[in-house]
Amino acid sequence: MTIDVSISVVHVVDDEAPFRRSLLFLLESSGWQCVGHASAEDFLLAAPAFPSGGGCIVLDVRMLRISGLELQRRLQEAGSAYPVIFMTGHGDVDLAVQAMKDGAIDFLQKPFREQHFLDTVERAVRLSLERHNASLRSQCAQQTLDQLSARELEVARWLALGLSNKEVGRELAISENTVHVHRQHIMDKTGAGGAADFARLILRANPSGLD
Amino acid sequence: MQTILRAVLSCCTFLVLAFALVSQVRAGDVRIGVLAWLGSDEAGTQWTPFVQQLQEKLPGHKVLVRHFDLAGMSQALDEHGLDFVITNPGHYVMLEERGISRIATQLSDQRHDPAQVVGSAIVVREARRELQNLEDLRHQRMAAVSPDAFGGYQVIGGELQAAGMNPESGEPRMQFTGFPMTTVIEAVLQGRADAGVIRACLLERMLSDGTLAQGVLRVLAPRPATPGGCRVSSRLYPGWAFAAASATPPDLSRQVLLALLTLPAGDGEPGWSVPADYRPVHELLRRLQIGPYAFLRESGWRSIVQRIWPWLAASIALLLLWAVYTVHVEHLVQRRTRELRAALAERRELEMRMRNSQQQMEHLSRLSILGELAGRLAHELNQPLAAIANYARSLLRRQERGSLSAEALGQAAAEIASEAERAAGILNGIRGFARKRAQERSARDMADVVREAIGLMGSMLSQAPAFVIHDRLGARRTVLIDTLQVQQVLLNLFKNAWDAQQAAGEAWPIEVGLDTEADLCCVTVRDHGPGLTTEQQEHLFEAFFTTKPQGLGLGLSICKTIVESHGGQLQAQAASLGAGMEFRFFLPCHSHPASQPATE
Numbered sequence: 001m002t003i004d005v006s007i008s009v010v011h012v013v014d015d016e017a018p019f020r021r022s023l024l025f026l027l028e029s030s031g032w033q034c035v036g037h038a039s040a041e042d043f044l045l046a047a048p049a050f051p052s053g054g055g056c057i058v059l060d061v062r063m064l065r066i067s068g069l070e071l072q073r074r075l076q077e078a079g080s081a082y083p084v085i086f087m088t089g090h091g092d093v094d095l096a097v098q099a100m101k102d103g104a105i106d107f108l109q110k111p112f113r114e115q116h117f118l119d120t121v122e123r124a125v126r127l128s129l130e131r132h133n134a135s136l137r138s139q140c141a142q143q144t145l146d147q148l149s150a151r152e153l154e155v156a157r158w159l160a161l162g163l164s165n166k167e168v169g170r171e172l173a174i175s176e177n178t179v180h181v182h183r184q185h186i187m188d189k190t191g192a193g194g195a196a197d198f199a200r201l202i203l204r205a206n207p208s209g210l211d
Numbered sequence: 001m002q003t004i005l006r007a008v009l010s011c012c013t014f015l016v017l018a019f020a021l022v023s024q025v026r027a028g029d030v031r032i033g034v035l036a037w038l039g040s041d042e043a044g045t046q047w048t049p050f051v052q053q054l055q056e057k058l059p060g061h062k063v064l065v066r067h068f069d070l071a072g073m074s075q076a077l078d079e080h081g082l083d084f085v086i087t088n089p090g091h092y093v094m095l096e097e098r099g100i101s102r103i104a105t106q107l108s109d110q111r112h113d114p115a116q117v118v119g120s121a122i123v124v125r126e127a128r129r130e131l132q133n134l135e136d137l138r139h140q141r142m143a144a145v146s147p148d149a150f151g152g153y154q155v156i157g158g159e160l161q162a163a164g165m166n167p168e169s170g171e172p173r174m175q176f177t178g179f180p181m182t183t184v185i186e187a188v189l190q191g192r193a194d195a196g197v198i199r200a201c202l203l204e205r206m207l208s209d210g211t212l213a214q215g216v217l218r219v220l221a222p223r224p225a226t227p228g229g230c231r232v233s234s235r236l237y238p239g240w241a242f243a244a245a246s247a248t249p250p251d252l253s254r255q256v257l258l259a260l261l262t263l264p265a266g267d268g269e270p271g272w273s274v275p276a277d278y279r280p281v282h283e284l285l286r287r288l289q290i291g292p293y294a295f296l297r298e299s300g301w302r303s304i305v306q307r308i309w310p311w312l313a314a315s316i317a318l319l320l321l322w323a324v325y326t327v328h329v330e331h332l333v334q335r336r337t338r339e340l341r342a343a344l345a346e347r348r349e350l351e352m353r354m355r356n357s358q359q360q361m362e363h364l365s366r367l368s369i370l371g372e373l374a375g376r377l378a379h380e381l382n383q384p385l386a387a388i389a390n391y392a393r394s395l396l397r398r399q400e401r402g403s404l405s406a407e408a409l410g411q412a413a414a415e416i417a418s419e420a421e422r423a424a425g426i427l428n429g430i431r432g433f434a435r436k437r438a439q440e441r442s443a444r445d446m447a448d449v450v451r452e453a454i455g456l457m458g459s460m461l462s463q464a465p466a467f468v469i470h471d472r473l474g475a476r477r478t479v480l481i482d483t484l485q486v487q488q489v490l491l492n493l494f495k496n497a498w499d500a501q502q503a504a505g506e507a508w509p510i511e512v513g514l515d516t517e518a519d520l521c522c523v524t525v526r527d528h529g530p531g532l533t534t535e536q537q538e539h540l541f542e543a544f545f546t547t548k549p550q551g552l553g554l555g556l557s558i559c560k561t562i563v564e565s566h567g568g569q570l571q572a573q574a575a576s577l578g579a580g581m582e583f584r585f586f587l588p589c590h591s592h593p594a595s596q597p598a599t600e
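In order, the protein sequence lines correspond to chains F and X.
For the record, in the first sequence the residue sitting at position 70 is 70 according to the numbering used here, with numbers rising by one throughout.
For the record, in the second sequence the residue sitting at position 382 is 382 according to the numbering used here, with numbers rising by one throughout.
Treat the hints with care, since some could be wrong.
Unchecked claim - Not the full set, but computed from the structure, chain F residues with beta-carbon under 8 Å of chain X:
no., residue
1, 21
2, 64
3, 110
Stated by the list, open to error - Selected chain X positions facing chain F (in silico; Cβ < 7 Å):
no., residue
4, 385
5, 386
6, 389
7, 390
8, 393
9, 397
10, 398
What the hints assert, rightly or not - Capping the alpha-carbon separation at 25 Å, the derived lysine to any residue pairs in SDA-like fashion look like this:
no., chain 1, residue 1, chain 2, residue 2
11, F, 166, F, 200
12, X, 495, X, 473
13, F, 189, F, 209
14, F, 101, F, 47
15, X, 495, F, 62
16, X, 57, X, 275
17, F, 101, F, 73
18, X, 495, F, 67
19, X, 62, X, 282
20, X, 495, X, 447
21, X, 62, X, 252
22, X, 495, X, 422
23, X, 495, F, 17
24, X, 495, F, 64
25, X, 495, F, 88
26, X, 495, X, 565
27, F, 101, F, 69
28, F, 101, F, 120
29, X, 495, F, 15
30, F, 166, F, 153
31, X, 495, F, 66
These aren't lab readings, by the way, just hints derived from the structure by calculation.
In this text, all values refer to a predicted model and were calculated from it rather than measured experimentally.
Glycine residues also receive a C-beta, built at the ideal position from the N, C-alpha and C atoms.
Produce the entire structure from the sequences given, and follow the hints as far as they go.
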């Protein structure tokens with residue numbers, strides 16, 4: 001997947017103005033679109049939409065009032081697609097561990113090598129795109145599955161698990177013929193060619209749909 | 001009380017009875033003591049006729065006569081064993097001090113003056129022709145009965161002294177033979193002495209009764225006036241005295257006197273006359289410095305020394321003691337002075353050492369504040385350095401890509417310069433603070449010092465907390481302080497306040513109150529942290545007490561030392577309103593206006 005830097009956006013949240021400006025300057029020199037925020041509140045207020053070209057947030061851990069970690073937590077709760085890259089002036093191992101556990105892409109200690117920083121940003125943006133696309137596919141699959149009736153969905157799940165029509169009929173206490181009719185309807189509605197397609201569709205909509 | 005009264009009464013009764021008893025014993029007796037100058041036997045025969053006549057004159061009394069030598073008579077008088085004494089003029093004068101008083105003076109014969117009775121003669125052998133005057137006796141040996149004998153020595157002693165000789169120092173050399181007086185005659189006759197002193201008339205009596213041959217002895221330098229035709233070498237003195245003892249009843253004295261005066265004067269019997277004037281005797285004794293005038297001998301330096309010796313010795317001893325004491329005190333003073341000087345020197349050295357160590361402690365404490373701030377400081381320095389690095393890398397990247405615009409270059413360069421200055425500013429702030437230095441005081445406006453400390457805090461920390469200063473200082477707002485030390489105190493308090501608020505996650509500004517209270521400038525630093533427990537407050541100013549994991553626990557104890565060394569006080573108390581602590585220190589106001597801070 002190629003990244004179009006002109007349509008990706010990198011957000012920098014740091015209350016240290018000179019440093020924030022220097023980061024923006026660096027990102028711009030690599031062609032990134034970037035926006036600076038003086039505090040976590042500023043970012044939440046701006047509430048930028050996820051850009052089509054992907055994006056990420058570069059976040060200072062220690063800020064007054066709402067800290068970097070707190071912002072990360074709130075974004076996760078809101079289901080934000082932005083990956084987070086943390087920066088800190090302190091070698092704070094506990095913070096780093098917590099941040100990584102909470103899904104941060106990386107934890108950079110200032111001053112960091114600019115190449116490493118830019119690579120990380122790129123990695124994050126790529127990841128954001130992937131996540132975004134996966135999310136889109138999942139939504140699409142779900143919409144398809146939503147066309148099925150409850151009984152049809154049940155039948156599709158059993159077939160996806162590799163059971164024959166006869167076996168599914170026994171499981172659901174219906175005749176083999178009825179299962180066959182359902183199967184036909186499912187294939188018509190989803191455009192799927194067989195049991196393997198059923199499985200793919202269900203997993204795409206919900207990775208744990210076959211558990 | 002009754003017992004005592006009874007005892008006193010019985011005592012009195014006993015005394016009265018005893019007196020009565022004594023009186024009874026003495027009633028009717030006339031006890032007369034006679035000086036036996038020729039010995040008791042001789043005296044007995046001599047005085048027997050007189051005693052018989054007296055007894056006849058005193059029919060109602062019994063006359064008892066006892067013979068005494070000089071000392072014996074004094075003793076008898078002291079024991080009240082005599083009513084009367086008969087003694088020679090010299091002895092009488094001596095006894096006057098024992099309270100006797102003369103009632104009659106013996107005459108040599110009835111016609112004679114009682115004041116011209118007793119005289120003495122110096123006898124020499126007829127063969128010693130060269131001895132003619134008293135002066136000739138100067139280097140001779142002279143015999144006499146006793147130095148106590150009046151007619152037997154003292155009268156002649158007076159004459160010798162009048163002639164410029166002193167028998168007591170061997171001019172002439174005296175030999176005392178003792179009584180009877182005839183032994184003197186014998187000594188002269190046998191040649192043991194060149195001259196002899198005898199009573200007037202003894203020689204004549206011996207010649208007349210044949211005990212001495214005519215023409216063997218002669219009287220030296222005889223005087224013309226002679227009592228009873230006896231030759232004498234001396235002037236004449238009153239006759240023997242008949243004296244009453246002090247306790248003798250006046251009645252008895254009168255009866256005895258009457259008897260004496262009416263005694264028949266006969267051959268060889270001395271008559272009695274009214275008492276003569278004994279002043280010549282006194283005069284003689286005074287000249288000889290004997291008897292009652294013995295004290296005159298004590299006028300010589302030797303006697304003076306002897307008399308005052310105890311006093312002198314005591315004085316000398318006291319002087320010596322005083323001298324010893326003075327020397328001792330002087331020694332003590334010197335030792336104490338030495339000790340004091342040593343102690344002072346020691347104390348000065350100790351003070352200097354303490355001052356040095358205090359300076360070192362202060363320095364350490366400043367370093368420890370820096371240490372506690374170091375984490376922050378690293379962060380503060382990190383930021384500008386990281387920013388600078390970012391700009392530089394960015395410029396390189398843009399140059400490589402050929403997209404470096406003049407505008408971007410200008411922006412980056414400006415940012416780089418500003419960040420470098422910021423880093424330098426941070427370093428400058430701590431360099432002055434961390435330097436070791438000696439204390440120097442200047443008059444400063446308290447508010448200026450507080451503002452400088454806040455500025456220092458701000459220069460070290462980009463995210464320095466906000467401060468609010470309530471300047472309520474009056475006209476007296478100057479303090480005489482070591483600026484750096486007081487700044488150290490302020491920084492400590494600020495940092496504590498900041499730490500407390502950080503821990504509690506509070507973003508309040510730190511409040512600094514400035515007040516004038518009487519003669520004191522008061523600075524209060526109030527935080528909005530969680531505050532301290534009472535126990536923590538109690539130990540707050542102790543060295544090595546800390547509530548912080550990385551703290552040394554020296555900050556506040558050093559602060560207290562610094563404030564106290566400025567004559568002030570440092571206190572801590574819970575804030576009166578809301579949570580948090582109030583640290584307050586007082587410094588005495590300075591009367592002179594503030595000088596400008598020294599530029600560094």
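Query raised in the report: Between residue 62(X) and residue 282(X), does the CA-CA distance stay at or below 25 Å?
Result: Violated - the C-alpha atoms of residue 282(X) and residue 62(X) are around 34 Å apart, more than 25 Å.
Report task. Quickly compare the C-alpha distance for residue 57(X) and residue 275(X) to 25 Å and report which way the hint goes. Result -> holds, 20 Å
Query raised in the report: Does the structure keep residue 495(X) and residue 447(X) at a Cα separation of 25 Å or less?
Result: holds, 18 Å
Report task. Could you grab the alpha-carbon distance between residue 101(F) and residue 73(F) and see if it respects the 25 Å cut-off? Result -> Satisfied, since the Cα-Cα distance of roughly 11 Å is no more than 25 Å.
**Report entry** 25 Å Cα cutoff - pair residue 495(X), residue 15(F)
**Finding:** Measuring from Cα to Cα gives roughly 22 Å; hence the hint holds.
Query - Status of the residue 390(X) interface restraint (C-beta, 7 Å, chain F) - result: holds, 4 Å
Query raised in the report: Are the Cα atoms of residue 101(F) and residue 120(F) separated by 25 Å or less?
Result: holds, 17 Å
Requested in this report: Could you grab the alpha-carbon distance between residue 166(F) and residue 200(F) and see if it respects the 25 Å cut-off?
Outcome: Given that 25 Å is the threshold and the Cα spacing comes to 22 Å, the pair holds.
Query raised in the report: Does the interface hint hold: is residue 385(X) within less than 7 Å of chain F, judged Cβ to Cβ?
Result: Nearest chain F Cβ about 6 Å off; hint holds.
Query raised in the report: Does residue 495(X) pair with residue 88(F) here, judged by a C-alpha cut-off of 25 Å?
Result: Cα-Cα ~22 Å, so holds.
Requested in this report: Verify the proposed pairing of residue 495(X) with residue 64(F), using a straight-line Cα cut of 25 Å.
Outcome: holds, 17 Å
Query raised in the report: Does residue 66(F) lie within 25 Å of residue 495(X) when you go C-alpha to C-alpha?
Result: holds, 23 Å
Hint compliance for this structure: hint 19 alone is broken.
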